[in-house]
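Student: Use the sequences and the hints to build the structure in full.
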Amino acid sequence: MALYRIIYHRMLLLFFLSLISCGGVMAASVTSEDVSAILKRLDHELSHRDNYVAKRQRIIDSLRNRVEKLPISVHERLESELLLGENYSGFNADSAIYHYSHGLAVAQAIQSDTMVALFQMRRATLLPLAGFIQEALLSYQAIDTVGMPVALRCVYHDAGRQMYSYMASFCVSHPAEYERFTYLALESQAKLIPLLGDNTLRYKLNQGEYYFLRGEYSRAKAILTDLLDNLDEDDNMFARASHFLSGIALARNERNEHIYYLALSAISDIKSATLEVSSLQELGQILFSLNDVSRSHRYLSVALRNAVECRAPLRILQSAESLPIIESAHAVELEGSRRRIYVIMALMGLLLVGFAATLTLLRRKMISMNMLSDRLEEANRVKDIYINQFLDLCSIYMDRLNQFSKTVNRKISAGKVDDLYNITKSGKFIEEQSKAFYKVFDDAFLHIYPTFVEDVNALLRPEEQIELHEGEKLNTDLRILAFMRLGIEESSRIAQLLNYSVYTIYTYRNRLKNRAIVRETFESDMMNIKSIS
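So for the sequence shown, this note's numbering puts the first residue at 1; every next one is plus one.
Simulated from the structure, these hints should not be mistaken for lab results.
Be aware that one or more of the hints could be misleading.
Under the rule of at most 30 Å between Cα atoms (straight-line distance), these lysine-lysine pairs were calculated in the DSBU-like manner [said to hold, decoys possible]:
hint, residue 1, residue 2
1, Lys55, Lys40
2, Lys530, Lys473
3, Lys473, Lys435
4, Lys406, Lys435
5, Lys221, Lys271
6, Lys435, Lys530
7, Lys221, Lys204
8, Lys406, Lys55
9, Lys69, Lys55
10, Lys191, Lys40
11, Lys416, Lys406
12, Lys204, Lys191
13, Lys271, Lys204
14, Lys221, Lys191
15, Lys435, Lys365
Tutor: Structural data, given as C-alpha coordinates:
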(Lines of atoms letter the chains of each structure in order from A and count residues from 1; the text may use other names and numbers.)
(Lines give C-alpha, C1' and ligand atoms only; values in the text may rest on other atoms or scores of the structure.)
Protein backbone atom coordinates (compact mmCIF):
# COMPACT_ATOMS: atom_id res chain seq x y z
CA MET A 1 0.00 0.00 0.00
CA ALA A 2 2.89 2.33 0.77
CA LEU A 3 4.50 1.50 -2.59
CA TYR A 4 1.28 2.35 -4.31
CA ARG A 5 1.24 5.67 -2.50
CA ILE A 6 4.60 6.63 -4.06
CA ILE A 7 3.32 5.83 -7.53
CA TYR A 8 0.08 7.59 -6.61
CA HIS A 9 1.89 10.83 -5.83
CA ARG A 10 3.64 10.74 -9.18
CA MET A 11 0.35 10.19 -10.93
CA LEU A 12 -1.23 12.98 -8.90
CA LEU A 13 0.94 15.57 -10.64
CA LEU A 14 -0.13 14.24 -14.03
CA PHE A 15 -3.74 14.35 -12.87
CA PHE A 16 -3.59 18.00 -11.86
CA LEU A 17 -1.81 18.96 -15.10
CA SER A 18 -4.48 17.18 -17.09
CA LEU A 19 -7.20 18.99 -15.12
CA ILE A 20 -5.61 22.28 -16.11
CA SER A 21 -5.16 21.33 -19.74
CA CYS A 22 -8.43 19.61 -20.52
CA GLY A 23 -10.64 19.83 -17.46
CA GLY A 24 -10.52 16.08 -16.73
CA VAL A 25 -12.49 13.18 -18.09
CA MET A 26 -15.42 12.09 -15.96
CA ALA A 27 -15.87 8.38 -15.38
CA ALA A 28 -18.97 7.09 -17.04
CA SER A 29 -19.87 4.81 -14.15
CA VAL A 30 -19.60 7.39 -11.34
CA THR A 31 -21.64 10.60 -11.53
CA SER A 32 -21.30 13.83 -9.60
CA GLU A 33 -24.36 12.76 -7.61
CA ASP A 34 -22.55 9.55 -6.63
CA VAL A 35 -19.55 11.57 -5.47
CA SER A 36 -21.76 13.91 -3.45
CA ALA A 37 -23.54 10.94 -1.85
CA ILE A 38 -20.32 9.08 -0.93
CA LEU A 39 -18.80 12.24 0.58
CA LYS A 40 -21.92 12.69 2.71
CA ARG A 41 -21.54 9.07 3.83
CA LEU A 42 -17.91 9.74 4.69
CA ASP A 43 -18.90 12.84 6.68
CA HIS A 44 -21.42 10.73 8.58
CA GLU A 45 -18.88 8.00 9.34
CA LEU A 46 -16.31 10.59 10.42
CA SER A 47 -18.78 11.86 13.00
CA HIS A 48 -18.70 8.32 14.51
CA ARG A 49 -14.92 7.93 14.18
CA ASP A 50 -14.29 8.08 17.93
CA ASN A 51 -16.90 5.37 18.54
CA TYR A 52 -15.17 2.99 16.12
CA VAL A 53 -11.78 3.71 17.71
CA ALA A 54 -13.19 3.16 21.21
CA LYS A 55 -14.75 -0.15 20.11
CA ARG A 56 -11.42 -1.41 18.74
CA GLN A 57 -9.63 -0.24 21.87
CA ARG A 58 -12.08 -2.23 24.03
CA ILE A 59 -11.33 -5.39 22.03
CA ILE A 60 -7.59 -4.85 22.48
CA ASP A 61 -8.00 -4.12 26.19
CA SER A 62 -9.94 -7.35 26.61
CA LEU A 63 -7.16 -9.36 24.93
CA ARG A 64 -4.44 -7.64 26.93
CA ASN A 65 -6.24 -8.27 30.21
CA ARG A 66 -6.50 -11.96 29.37
CA VAL A 67 -2.76 -12.14 28.73
CA GLU A 68 -1.81 -10.18 31.83
CA LYS A 69 -4.23 -11.65 34.39
CA LEU A 70 -5.07 -15.22 33.42
CA PRO A 71 -2.57 -18.08 33.86
CA ILE A 72 -1.83 -19.30 30.33
CA SER A 73 0.72 -21.60 28.75
CA VAL A 74 3.75 -20.39 26.80
CA HIS A 75 2.17 -21.33 23.49
CA GLU A 76 -1.05 -19.52 24.47
CA ARG A 77 1.05 -16.49 25.39
CA LEU A 78 2.72 -16.57 21.98
CA GLU A 79 -0.66 -16.75 20.27
CA SER A 80 -1.93 -13.89 22.45
CA GLU A 81 1.11 -11.73 21.68
CA LEU A 82 0.66 -12.45 17.99
CA LEU A 83 -3.03 -11.61 18.20
CA LEU A 84 -2.33 -8.39 20.13
CA GLY A 85 0.30 -7.38 17.58
CA GLU A 86 -2.14 -7.99 14.72
CA ASN A 87 -4.87 -5.99 16.47
CA TYR A 88 -2.48 -3.12 17.15
CA SER A 89 -1.20 -3.13 13.54
CA GLY A 90 -2.68 -0.16 11.74
CA PHE A 91 -3.92 1.17 15.10
CA ASN A 92 -0.84 1.78 17.26
CA ALA A 93 2.52 1.00 15.65
CA ASP A 94 4.50 1.32 18.90
CA SER A 95 2.30 -1.17 20.72
CA ALA A 96 2.28 -3.57 17.77
CA ILE A 97 6.10 -3.54 17.61
CA TYR A 98 6.24 -3.99 21.38
CA HIS A 99 4.06 -7.12 21.36
CA TYR A 100 5.85 -8.60 18.33
CA SER A 101 9.19 -7.96 20.05
CA HIS A 102 7.94 -9.53 23.27
CA GLY A 103 6.56 -12.53 21.39
CA LEU A 104 9.89 -12.86 19.54
CA ALA A 105 11.77 -12.97 22.83
CA VAL A 106 9.44 -15.68 24.19
CA ALA A 107 9.73 -17.70 20.95
CA GLN A 108 13.51 -17.46 21.06
CA ALA A 109 13.46 -18.54 24.71
CA ILE A 110 11.58 -21.74 23.87
CA GLN A 111 13.56 -22.16 20.62
CA SER A 112 10.46 -22.26 18.39
CA ASP A 113 11.97 -21.57 14.97
CA THR A 114 8.59 -21.20 13.28
CA MET A 115 7.31 -18.68 15.83
CA VAL A 116 10.65 -16.84 15.83
CA ALA A 117 10.41 -16.46 12.05
CA LEU A 118 6.77 -15.39 12.23
CA PHE A 119 7.41 -12.73 14.87
CA GLN A 120 10.50 -11.51 12.96
CA MET A 121 8.40 -11.09 9.82
CA ARG A 122 5.61 -9.23 11.61
CA ARG A 123 8.04 -7.01 13.50
CA ALA A 124 10.16 -6.26 10.42
CA THR A 125 7.03 -5.15 8.55
CA LEU A 126 6.32 -2.37 11.06
CA LEU A 127 9.85 -1.24 11.99
CA PRO A 128 10.12 1.13 8.97
CA LEU A 129 7.03 3.00 10.23
CA ALA A 130 9.03 3.78 13.38
CA GLY A 131 12.04 4.83 11.27
CA PHE A 132 14.15 1.72 11.96
CA ILE A 133 15.01 0.83 8.37
CA GLN A 134 18.37 -0.81 8.96
CA GLU A 135 17.10 -2.87 11.86
CA ALA A 136 14.14 -4.01 9.76
CA LEU A 137 16.44 -5.08 6.91
CA LEU A 138 18.75 -7.02 9.20
CA SER A 139 15.85 -8.72 10.95
CA TYR A 140 14.09 -9.68 7.72
CA GLN A 141 17.21 -10.86 5.92
CA ALA A 142 18.18 -12.99 8.94
CA ILE A 143 15.11 -15.18 8.47
CA ASP A 144 16.01 -18.64 7.20
CA THR A 145 13.59 -19.59 4.42
CA VAL A 146 15.09 -23.03 3.70
CA GLY A 147 12.43 -25.64 4.17
CA MET A 148 9.88 -23.02 5.17
CA PRO A 149 6.25 -24.18 4.73
CA VAL A 150 4.24 -22.55 1.94
CA ALA A 151 1.90 -20.79 4.38
CA LEU A 152 4.84 -19.23 6.22
CA ARG A 153 6.57 -18.32 2.94
CA CYS A 154 3.38 -16.43 1.97
CA VAL A 155 3.66 -14.46 5.18
CA TYR A 156 7.38 -13.92 4.50
CA HIS A 157 6.92 -12.49 0.99
CA ASP A 158 3.87 -10.44 2.03
CA ALA A 159 5.90 -8.98 4.89
CA GLY A 160 8.73 -8.21 2.44
CA ARG A 161 6.32 -6.52 0.04
CA GLN A 162 4.92 -4.33 2.80
CA MET A 163 8.27 -3.61 4.47
CA TYR A 164 10.04 -2.61 1.24
CA SER A 165 7.04 -0.45 0.26
CA TYR A 166 7.32 1.44 3.55
CA MET A 167 11.06 1.87 3.00
CA ALA A 168 10.51 3.16 -0.52
CA SER A 169 8.04 5.69 0.87
CA PHE A 170 10.55 6.75 3.49
CA CYS A 171 13.32 7.19 0.88
CA VAL A 172 11.29 8.98 -1.79
CA SER A 173 13.74 11.92 -1.73
CA HIS A 174 16.69 9.54 -2.36
CA PRO A 175 16.21 8.18 -5.91
CA ALA A 176 18.73 5.34 -5.72
CA GLU A 177 17.34 3.92 -2.48
CA TYR A 178 13.80 4.50 -3.64
CA GLU A 179 14.38 2.50 -6.84
CA ARG A 180 16.10 -0.29 -4.91
CA PHE A 181 13.32 -0.72 -2.36
CA THR A 182 10.63 -0.41 -5.05
CA TYR A 183 12.25 -3.23 -7.02
CA LEU A 184 12.49 -5.41 -3.89
CA ALA A 185 8.82 -4.77 -3.08
CA LEU A 186 7.71 -5.79 -6.59
CA GLU A 187 9.96 -8.83 -6.46
CA SER A 188 8.41 -9.91 -3.14
CA GLN A 189 4.91 -9.55 -4.55
CA ALA A 190 5.83 -11.48 -7.69
CA LYS A 191 7.01 -14.35 -5.47
CA LEU A 192 3.93 -14.10 -3.25
CA ILE A 193 1.21 -14.41 -5.90
CA PRO A 194 2.01 -17.95 -7.12
CA LEU A 195 1.99 -19.19 -3.52
CA LEU A 196 -1.53 -17.95 -2.82
CA GLY A 197 -4.47 -20.20 -3.59
CA ASP A 198 -6.22 -19.39 -6.84
CA ASN A 199 -9.41 -17.34 -6.46
CA THR A 200 -8.80 -16.62 -2.77
CA LEU A 201 -9.48 -13.08 -1.64
CA ARG A 202 -5.80 -12.43 -0.83
CA TYR A 203 -4.83 -13.78 -4.25
CA LYS A 204 -7.26 -11.44 -6.02
CA LEU A 205 -6.10 -8.45 -3.98
CA ASN A 206 -2.41 -9.02 -4.69
CA GLN A 207 -3.06 -9.91 -8.32
CA GLY A 208 -5.12 -6.74 -8.78
CA GLU A 209 -2.41 -4.64 -7.16
CA TYR A 210 0.25 -6.31 -9.29
CA TYR A 211 -1.61 -5.59 -12.54
CA PHE A 212 -2.22 -2.03 -11.37
CA LEU A 213 1.49 -1.42 -10.69
CA ARG A 214 2.31 -2.88 -14.11
CA GLY A 215 -0.15 -0.47 -15.74
CA GLU A 216 -2.62 -3.16 -16.82
CA TYR A 217 -5.55 -1.10 -15.56
CA SER A 218 -8.45 -2.91 -17.21
CA ARG A 219 -7.41 -6.30 -15.80
CA ALA A 220 -6.67 -4.77 -12.40
CA LYS A 221 -10.03 -2.97 -12.25
CA ALA A 222 -12.00 -6.06 -13.22
CA ILE A 223 -10.34 -8.12 -10.48
CA LEU A 224 -10.56 -5.45 -7.77
CA THR A 225 -14.16 -4.48 -8.55
CA ASP A 226 -15.19 -8.12 -8.32
CA LEU A 227 -13.23 -8.39 -5.06
CA LEU A 228 -15.16 -5.52 -3.44
CA ASP A 229 -18.41 -7.41 -3.97
CA ASN A 230 -17.06 -10.24 -1.80
CA LEU A 231 -15.65 -8.18 1.09
CA ASP A 232 -17.23 -6.52 4.10
CA GLU A 233 -16.81 -2.76 4.18
CA ASP A 234 -14.92 -2.85 7.49
CA ASP A 235 -12.35 -5.34 6.11
CA ASN A 236 -8.85 -3.90 5.61
CA MET A 237 -8.66 -5.62 2.21
CA PHE A 238 -11.76 -3.63 1.18
CA ALA A 239 -9.90 -0.40 1.99
CA ARG A 240 -6.81 -1.52 0.04
CA ALA A 241 -8.83 -2.64 -3.00
CA SER A 242 -10.74 0.66 -3.04
CA HIS A 243 -7.46 2.53 -2.77
CA PHE A 244 -6.02 0.70 -5.79
CA LEU A 245 -9.22 1.42 -7.76
CA SER A 246 -8.83 5.12 -6.95
CA GLY A 247 -5.28 4.89 -8.33
CA ILE A 248 -6.56 3.32 -11.53
CA ALA A 249 -9.12 6.13 -11.88
CA LEU A 250 -6.37 8.68 -11.29
CA ALA A 251 -4.19 7.10 -13.98
CA ARG A 252 -7.16 7.23 -16.38
CA ASN A 253 -7.97 10.81 -15.47
CA GLU A 254 -11.42 9.83 -14.14
CA ARG A 255 -11.89 12.43 -11.43
CA ASN A 256 -15.29 11.39 -10.10
CA GLU A 257 -14.28 7.73 -9.84
CA HIS A 258 -10.96 8.72 -8.26
CA ILE A 259 -12.71 10.68 -5.50
CA TYR A 260 -15.41 8.03 -5.11
CA TYR A 261 -13.01 5.16 -4.42
CA LEU A 262 -10.78 7.27 -2.16
CA ALA A 263 -13.87 8.10 -0.09
CA LEU A 264 -14.90 4.43 -0.08
CA SER A 265 -11.42 3.44 1.12
CA ALA A 266 -11.54 6.12 3.83
CA ILE A 267 -14.96 4.87 4.99
CA SER A 268 -13.57 1.34 5.28
CA ASP A 269 -10.59 2.63 7.30
CA ILE A 270 -12.89 4.52 9.65
CA LYS A 271 -15.24 1.58 10.21
CA SER A 272 -12.30 -0.74 10.96
CA ALA A 273 -10.68 1.95 13.14
CA THR A 274 -7.50 1.75 11.05
CA LEU A 275 -5.34 4.79 11.84
CA GLU A 276 -2.27 3.95 9.71
CA VAL A 277 -3.87 5.11 6.46
CA SER A 278 -3.40 7.51 3.58
CA SER A 279 -6.77 7.60 1.76
CA LEU A 280 -8.27 10.35 3.90
CA GLN A 281 -5.16 12.51 3.57
CA GLU A 282 -5.05 12.09 -0.21
CA LEU A 283 -8.76 12.83 -0.47
CA GLY A 284 -8.30 16.00 1.59
CA GLN A 285 -5.55 17.16 -0.77
CA ILE A 286 -7.71 16.49 -3.83
CA LEU A 287 -10.70 18.34 -2.38
CA PHE A 288 -8.52 21.31 -1.47
CA SER A 289 -7.45 21.57 -5.12
CA LEU A 290 -11.17 21.53 -6.02
CA ASN A 291 -11.92 24.37 -3.56
CA ASP A 292 -13.94 22.21 -1.16
CA VAL A 293 -12.04 23.93 1.63
CA SER A 294 -14.26 22.97 4.55
CA ARG A 295 -14.12 19.22 3.84
CA SER A 296 -10.43 19.39 2.96
CA HIS A 297 -9.60 21.02 6.29
CA ARG A 298 -11.67 18.45 8.20
CA TYR A 299 -10.25 15.41 6.38
CA LEU A 300 -6.62 16.53 6.61
CA SER A 301 -6.99 17.39 10.28
CA VAL A 302 -8.40 13.92 11.03
CA ALA A 303 -5.63 12.31 8.93
CA LEU A 304 -2.98 14.12 10.95
CA ARG A 305 -4.71 13.11 14.17
CA ASN A 306 -4.76 9.48 12.97
CA ALA A 307 -1.02 9.57 12.26
CA VAL A 308 -0.24 10.98 15.69
CA GLU A 309 -2.48 8.51 17.52
CA CYS A 310 -1.05 5.64 15.47
CA ARG A 311 2.44 6.67 16.66
CA ALA A 312 4.00 5.96 13.30
CA PRO A 313 6.72 8.55 12.53
CA LEU A 314 6.58 7.77 8.80
CA ARG A 315 2.87 8.55 8.64
CA ILE A 316 3.33 11.60 10.85
CA LEU A 317 5.97 12.94 8.46
CA GLN A 318 3.75 12.26 5.45
CA SER A 319 0.76 13.85 7.18
CA ALA A 320 2.91 16.81 8.21
CA GLU A 321 3.34 17.54 4.51
CA SER A 322 -0.33 18.49 4.56
CA LEU A 323 0.12 21.06 7.33
CA PRO A 324 0.51 23.94 4.83
CA ILE A 325 -2.71 22.80 3.15
CA ILE A 326 -4.45 22.51 6.51
CA GLU A 327 -3.19 25.97 7.42
CA SER A 328 -4.28 27.34 4.04
CA ALA A 329 -7.68 25.69 4.38
CA HIS A 330 -8.00 27.07 7.89
CA ALA A 331 -6.99 30.52 6.65
CA VAL A 332 -9.55 30.29 3.84
CA GLU A 333 -12.24 29.26 6.34
CA LEU A 334 -11.26 32.12 8.65
CA GLU A 335 -11.33 34.56 5.76
CA GLY A 336 -14.71 33.19 4.73
CA SER A 337 -15.93 33.56 8.31
CA ARG A 338 -14.62 37.11 8.44
CA ARG A 339 -16.35 37.94 5.18
CA ARG A 340 -19.59 36.44 6.46
CA ILE A 341 -19.23 38.48 9.65
CA TYR A 342 -18.58 41.63 7.61
CA VAL A 343 -21.61 40.91 5.44
CA ILE A 344 -23.74 40.25 8.52
CA MET A 345 -22.45 43.43 10.16
CA ALA A 346 -23.15 45.39 6.98
CA LEU A 347 -26.65 43.93 6.78
CA MET A 348 -27.19 44.68 10.46
CA GLY A 349 -25.96 48.22 9.84
CA LEU A 350 -28.38 48.60 6.96
CA LEU A 351 -31.15 47.17 9.10
CA LEU A 352 -30.29 49.58 11.90
CA VAL A 353 -30.24 52.50 9.45
CA GLY A 354 -33.55 51.32 8.03
CA PHE A 355 -34.91 50.86 11.54
CA ALA A 356 -33.72 54.34 12.54
CA ALA A 357 -35.19 55.83 9.37
CA THR A 358 -38.45 54.01 10.04
CA LEU A 359 -38.49 55.27 13.62
CA THR A 360 -37.78 58.80 12.39
CA LEU A 361 -40.60 58.58 9.86
CA LEU A 362 -42.93 57.14 12.47
CA ARG A 363 -41.91 59.84 14.92
CA ARG A 364 -42.54 62.54 12.35
CA LYS A 365 -45.85 60.95 11.47
CA MET A 366 -46.77 60.75 15.13
CA ILE A 367 -45.79 64.39 15.60
CA SER A 368 -47.82 65.27 12.52
CA MET A 369 -50.75 63.24 13.81
CA ASN A 370 -50.43 64.85 17.23
CA MET A 371 -50.37 68.28 15.61
CA LEU A 372 -53.38 67.34 13.52
CA SER A 373 -55.06 66.02 16.63
CA ASP A 374 -54.26 69.26 18.43
CA ARG A 375 -55.65 71.27 15.53
CA LEU A 376 -58.77 69.14 15.47
CA GLU A 377 -59.10 69.53 19.20
CA GLU A 378 -58.59 73.27 18.87
CA ALA A 379 -61.08 73.41 16.02
CA ASN A 380 -63.62 71.53 18.12
CA ARG A 381 -62.99 73.83 21.06
CA VAL A 382 -63.34 76.93 18.86
CA LYS A 383 -66.45 75.44 17.31
CA ASP A 384 -67.93 74.96 20.76
CA ILE A 385 -67.12 78.56 21.63
CA TYR A 386 -68.60 79.78 18.35
CA ILE A 387 -71.78 77.81 18.97
CA ASN A 388 -72.07 79.09 22.53
CA GLN A 389 -71.48 82.67 21.47
CA PHE A 390 -73.88 82.28 18.56
CA LEU A 391 -76.55 80.91 20.87
CA ASP A 392 -75.94 83.77 23.29
CA LEU A 393 -76.25 86.28 20.48
CA CYS A 394 -79.40 84.61 19.17
CA SER A 395 -80.85 84.62 22.66
CA ILE A 396 -80.10 88.34 23.06
CA TYR A 397 -81.66 89.25 19.71
CA MET A 398 -84.71 87.08 20.31
CA ASP A 399 -85.18 88.81 23.65
CA ARG A 400 -84.78 92.27 22.11
CA LEU A 401 -87.03 91.34 19.22
CA ASN A 402 -89.64 90.26 21.76
CA GLN A 403 -89.22 93.57 23.65
CA PHE A 404 -89.47 95.54 20.39
CA SER A 405 -92.59 93.58 19.47
CA LYS A 406 -94.16 94.47 22.83
CA THR A 407 -93.20 98.13 22.36
CA VAL A 408 -94.80 98.17 18.90
CA ASN A 409 -98.00 96.55 20.23
CA ARG A 410 -98.12 98.99 23.11
CA LYS A 411 -97.64 102.03 20.87
CA ILE A 412 -100.18 100.83 18.33
CA SER A 413 -102.72 100.05 21.09
CA ALA A 414 -102.16 103.52 22.52
CA GLY A 415 -102.44 105.09 19.07
CA LYS A 416 -98.89 106.36 19.21
CA VAL A 417 -97.94 105.47 15.65
CA ASP A 418 -95.92 108.64 15.32
CA ASP A 419 -93.65 107.51 18.14
CA LEU A 420 -92.91 104.29 16.26
CA TYR A 421 -92.13 106.31 13.18
CA ASN A 422 -89.74 108.54 15.07
CA ILE A 423 -87.96 105.51 16.63
CA THR A 424 -87.29 103.89 13.27
CA LYS A 425 -86.54 107.16 11.44
CA SER A 426 -83.87 108.37 13.84
CA GLY A 427 -81.74 105.20 13.41
CA LYS A 428 -81.15 105.17 17.11
CA PHE A 429 -82.67 101.70 17.42
CA ILE A 430 -80.34 100.21 14.78
CA GLU A 431 -77.35 101.96 16.33
CA GLU A 432 -78.18 100.54 19.74
CA GLN A 433 -78.59 97.05 18.28
CA SER A 434 -75.30 97.37 16.38
CA LYS A 435 -73.48 98.43 19.55
CA ALA A 436 -74.97 95.47 21.39
CA PHE A 437 -73.91 93.15 18.55
CA TYR A 438 -70.38 94.63 18.50
CA LYS A 439 -70.05 94.16 22.24
CA VAL A 440 -71.10 90.50 22.08
CA PHE A 441 -68.99 89.87 18.98
CA ASP A 442 -65.89 91.63 20.38
CA ASP A 443 -66.07 89.67 23.63
CA ALA A 444 -66.58 86.35 21.84
CA PHE A 445 -63.82 86.93 19.28
CA LEU A 446 -61.23 88.15 21.80
CA HIS A 447 -62.08 85.18 23.97
CA ILE A 448 -60.90 82.96 21.09
CA TYR A 449 -58.08 85.24 19.89
CA PRO A 450 -56.97 87.14 23.00
CA THR A 451 -53.77 88.52 21.37
CA PHE A 452 -55.43 89.46 18.11
CA VAL A 453 -54.83 93.20 18.46
CA GLU A 454 -51.13 92.74 19.27
CA ASP A 455 -50.71 90.19 16.47
CA VAL A 456 -52.29 92.53 13.91
CA ASN A 457 -50.11 95.44 15.07
CA ALA A 458 -47.07 93.19 14.62
CA LEU A 459 -47.94 93.07 10.91
CA LEU A 460 -48.24 96.86 10.61
CA ARG A 461 -45.52 99.47 10.37
CA PRO A 462 -44.67 101.13 13.70
CA GLU A 463 -46.20 104.45 12.68
CA GLU A 464 -49.36 102.72 11.49
CA GLN A 465 -50.22 100.83 14.67
CA ILE A 466 -53.93 100.55 15.62
CA GLU A 467 -54.69 102.34 18.88
CA LEU A 468 -58.00 101.68 20.66
CA HIS A 469 -59.87 104.23 22.70
CA GLU A 470 -60.55 103.66 26.36
CA GLY A 471 -63.13 100.92 26.86
CA GLU A 472 -62.90 99.96 23.21
CA LYS A 473 -62.06 96.32 22.49
CA LEU A 474 -62.17 96.31 18.68
CA ASN A 475 -62.64 99.07 16.18
CA THR A 476 -63.95 98.88 12.64
CA ASP A 477 -60.54 97.99 11.17
CA LEU A 478 -60.09 95.16 13.62
CA ARG A 479 -63.66 93.89 13.21
CA ILE A 480 -63.20 93.66 9.45
CA LEU A 481 -60.02 91.66 10.02
CA ALA A 482 -61.78 89.56 12.70
CA PHE A 483 -64.55 88.56 10.29
CA MET A 484 -61.90 87.67 7.72
CA ARG A 485 -60.04 85.56 10.31
CA LEU A 486 -63.29 83.70 10.97
CA GLY A 487 -63.48 82.82 7.27
CA ILE A 488 -65.85 85.57 6.11
CA GLU A 489 -63.63 87.10 3.45
CA GLU A 490 -66.21 88.47 1.00
CA SER A 491 -66.53 92.24 1.38
CA SER A 492 -70.28 92.06 0.67
CA ARG A 493 -70.94 89.76 3.63
CA ILE A 494 -68.75 91.82 5.94
CA ALA A 495 -70.68 94.94 4.81
CA GLN A 496 -74.01 93.34 5.74
CA LEU A 497 -72.74 92.36 9.20
CA LEU A 498 -71.27 95.78 9.96
CA ASN A 499 -74.07 97.74 8.25
CA TYR A 500 -71.61 99.40 5.84
CA SER A 501 -71.47 99.66 2.09
CA VAL A 502 -69.32 97.25 0.13
CA TYR A 503 -67.23 100.15 -1.10
CA THR A 504 -66.55 101.25 2.46
CA ILE A 505 -65.37 97.77 3.43
CA TYR A 506 -63.17 97.61 0.37
CA THR A 507 -61.66 100.99 1.26
CA TYR A 508 -60.94 99.83 4.84
CA ARG A 509 -59.24 96.68 3.58
CA ASN A 510 -57.12 98.55 1.06
CA ARG A 511 -56.09 101.11 3.68
CA LEU A 512 -55.01 98.31 6.07
CA LYS A 513 -52.86 96.75 3.35
CA ASN A 514 -51.14 100.08 2.80
CA ARG A 515 -50.32 100.27 6.51
CA ALA A 516 -48.78 96.74 6.52
CA ILE A 517 -45.08 95.98 6.63
CA VAL A 518 -45.57 93.57 3.72
CA ARG A 519 -48.59 94.69 1.74
CA GLU A 520 -48.78 91.68 -0.59
CA THR A 521 -48.99 89.07 2.18
CA PHE A 522 -50.74 91.08 4.87
CA GLU A 523 -54.11 89.34 4.71
CA SER A 524 -52.58 85.83 4.44
CA ASP A 525 -50.24 86.64 7.35
CA MET A 526 -53.23 87.82 9.37
CA MET A 527 -55.03 84.54 8.62
CA ASN A 528 -52.16 82.69 10.36
CA ILE A 529 -52.85 84.38 13.71
CA LYS A 530 -53.38 81.60 16.25
CA SER A 531 -56.26 81.24 18.62
CA ILE A 532 -55.79 80.66 22.35
CA SER A 533 -53.85 77.41 23.06
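Student: Decide, hint by hint, whether the structure agrees.
Tutor: Going down the list of hints, with the structure as the test:
Taking the CA atoms of Lys55 and Lys40, the gap is near 23 Å; set against the 30 Å cutoff, the hint holds. Proposed proximity of Lys530 and Lys473 is supported: the alpha carbons are some 18 Å apart, at most 30 Å. Pair hint Lys473 plus Lys435 holds up; C-alpha atoms about 12 Å apart against a cutoff of 30 Å. Simply put, Lys406 and Lys435 have alpha-carbon atoms about 21 Å apart, close enough for the 30 Å limit, and the pair holds.
Simply put, Lys221 and Lys271 have alpha-carbon atoms about 24 Å apart, close enough for the 30 Å limit, and the pair holds. For the hint linking Lys435 to Lys530, the alpha-carbon distance of about 26 Å falls within 30 Å, and the restraint holds. With a CA separation close to 11 Å, the supplied pair Lys221 and Lys204 stays within the 30 Å bound. Taking the CA atoms of Lys406 and Lys55, the gap is near 124 Å; set against the 30 Å cutoff, the hint is violated.
With a C-alpha separation of about 21 Å, the suggested pair Lys69 and Lys55 falls inside the 30 Å cut-off, and the hint holds. In summary, the hint linking Lys191 to Lys40 is not supported, as the alpha carbons are separated by about 40 Å, beyond the 30 Å threshold. This hinted pair checks out: Lys416 and Lys406 have alpha carbons roughly 13 Å apart, not beyond 30 Å. Pair hint Lys204 plus Lys191 holds up; C-alpha atoms about 15 Å apart against a cutoff of 30 Å.
For the hint pairing Lys271 with Lys204, the CA-to-CA distance comes to about 22 Å; that is within 30 Å, so the pair holds. Proposed proximity of Lys221 and Lys191 is supported: the alpha carbons are some 22 Å apart, at most 30 Å. Note on Lys435 and Lys365: the hinted pairing is violated, with a Cα-Cα distance of about 47 Å set against a maximum of 30 Å.
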